[in-house]
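A.B. asks: Below are the chains, spelled out letter by letter.
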Amino acid sequence: EAGVAQSPRYKIIEKRQSVAFWCNPISGHATLYWYQQILGQGPKLLIQFQNNGVVDDSQLPKDRFSAERLKGVDSTLKIQPAKLEDSAVYLCASSSPGGGGETQYFGPGTRLLVL
Amino acid sequence: AQSVTQLDSQVPVFEEAPVELRCNYSSSVSVYLFWYVQYPNQGLQLLLKYLSGSTLVKGINGFEAEFNKSQTSFHLRKPSVHISDTAEYFCAVKTSGSRLTFGEGTQLTVNP
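Sequence lines, in order, name chains A and B. Position one of the first sequence corresponds to residue 79 (my numbering), numbered consecutively onward. Position one of the second sequence corresponds to residue 18 (my numbering), numbered consecutively onward.
By construction, these hints were calculated from the structure, which means they are not laboratory data. One thing to keep in mind: the hints can contain errors.
Said to hold, decoys possible - Facing chain A, from chain B, some residues (calculated, C-beta under 7 Å):
#, residue
1, Tyr-56
2, Gly-60
3, Leu-61
4, Leu-63
5, Leu-65
6, Gly-120
7, Glu-121
Stated by the list, open to error - Selected chain A positions facing chain B (Cβ under 8 Å, derived; list incomplete):
#, residue
8, Gly-120
9, Pro-121
10, Leu-169
11, Gly-178
These numbers were taken from a predicted model, which means no experiment stands behind them. A virtual CB, placed ideally from N, CA and C, is assigned to each residue, including glycine.
Hey, can you work out the whole structure from these sequences and the hints?
C.D. replies: Structure (structure tokens):
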């Protein structure tokens, strides 16, 4: 079974530029998550989708971050314009719906450096 | 809202020694508890999880954890570590309907 795929793996941009990350979840997983992991910290949820609907985006900085999952499969996370503090690893995860204790499966992440 | 505290940011041990990584949580309702491992430049991989039932949970790679409700703890243990266990370990807590909340992580370094 293929895991969660993410691209690109690495990205370097200058502040005020825009950037987009792509995620393909495990086949059949209805729930998709985007996390931000700043160096030395645990992952923090940015947004959660159930199929193509948003379940939780309370921690997404909506003035600069956006995400979509148009057909309920792939997802794209965009930052526009980027700030220095956006330097982090962006992790995508997916899961099957469950009663709350479902396992989230993580992709390898996209490492973003904003100069 | 729930929270997680990992009590040690770094744990150095020698190969074949036992190890315990400590995790305490805070929640006013019943919780689900997880331990994930992250190897360099990789995503997170589930080691084990506690949902209900037996408080001793066994996971992959010889790891186990014990849920202690009275002490609100979920410490991770391994009786004999290998060099390949060197990684970052994250404890995480979730309640029904809430998001998964991670601790700050513990860097386990196994020395020869």
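A.B. asks: Take the hints in turn and mark each one as holding or not.
C.D. replies: Evaluation of the provided hints:
no. : hint    : verdict
1   : Tyr-56  : violated, 10 Å
2   : Gly-60  : holds, 3 Å
3   : Leu-61  : holds, 4 Å
4   : Leu-63  : holds, 5 Å
5   : Leu-65  : violated, 10 Å
6   : Gly-120 : holds, 5 Å
7   : Glu-121 : holds, 5 Å
8   : Gly-120 : holds, 3 Å
9   : Pro-121 : holds, 5 Å
10  : Leu-169 : holds, 6 Å
11  : Gly-178 : holds, 4 Å
The earlier numbered hints that this structure contradicts are 1 and 5.
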